[in-house]
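Q: Residues in the sequence shown are numbered consecutively from 1, following full-length UniProt numbering.
Incorrect hints may appear among the rest.
Straight-line C-alpha distance at most 27 Å; calculated DSS-like pairs for lysine-lysine [said to hold, decoys possible]:
id, residue 1, residue 2
1, 92, 104
2, 92, 34
3, 59, 34
Quick caveat, the hints were computed from the structure, so don't treat them as lab data.
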Amino acid sequence: MHFVKEFKDFINRGNMIDLAIGVIIGGAFSGLVKSLTTNLINPLVGFFTGGGNDLDSLKWVPYKHLTFRYGAFLNDVINFLITAFVVFLLIKIISTYIIKPKQKAAPAPSDELLVLQDIKKILADQQKTTSTQTTTTADATDSQSQSASDK
Numbered sequence: 001m002h003f004v005k006e007f008k009d010f011i012n013r014g015n016m017i018d019l020a021i022g023v024i025i026g027g028a029f030s031g032l033v034k035s036l037t038t039n040l041i042n043p044l045v046g047f048f049t050g051g052g053n054d055l056d057s058l059k060w061v062p063y064k065h066l067t068f069r070y071g072a073f074l075n076d077v078i079n080f081l082i083t084a085f086v087v088f089l090l091i092k093i094i095s096t097y098i099i100k101p102k103q104k105a106a107p108a109p110s111d112e113l114l115v116l117q118d119i120k121k122i123l124a125d126q127q128k129t130t131s132t133q134t135t136t137t138a139d140a141t142d143s144q145s146q147s148a149s150d151k
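Build out the structure end to end from the sequences listed, making use of the hints.
A: Structure, rendered in structure tokens:
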């Protein structure tokens, strides 16, 4: 019973469903490419090669009993190139617009940099302390001079 539960969990994962959808769409796309090749590209190639509407009729006969039927191979090559080009475009679009490239994390600061930052902080704190003491001393001096002038 545990095996059935594991299989059910495996099937219900998002990746498995995405894979199934990809296979179905790939099958439909394969039919579309085959139709494009058979109905549009093959007649054009046949027109330029002097053959018929079907590339399967293209053959090379070097000897009387030796025949190379290269038309079917050309048909498969054209199907492959169309499919590969469309897959390339899809991956390019997905990687450019949908999947954002991950930004690399900033490297950890070196020990020297950390020490320098600590020194800078200490100096800034000392400067604030001395400026506060100077301001307090100046205020005290101003108060004494005002009280002396009031007398």
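Q: Broken hints, numbered, in rising order?
A: Structure breaks no hint.
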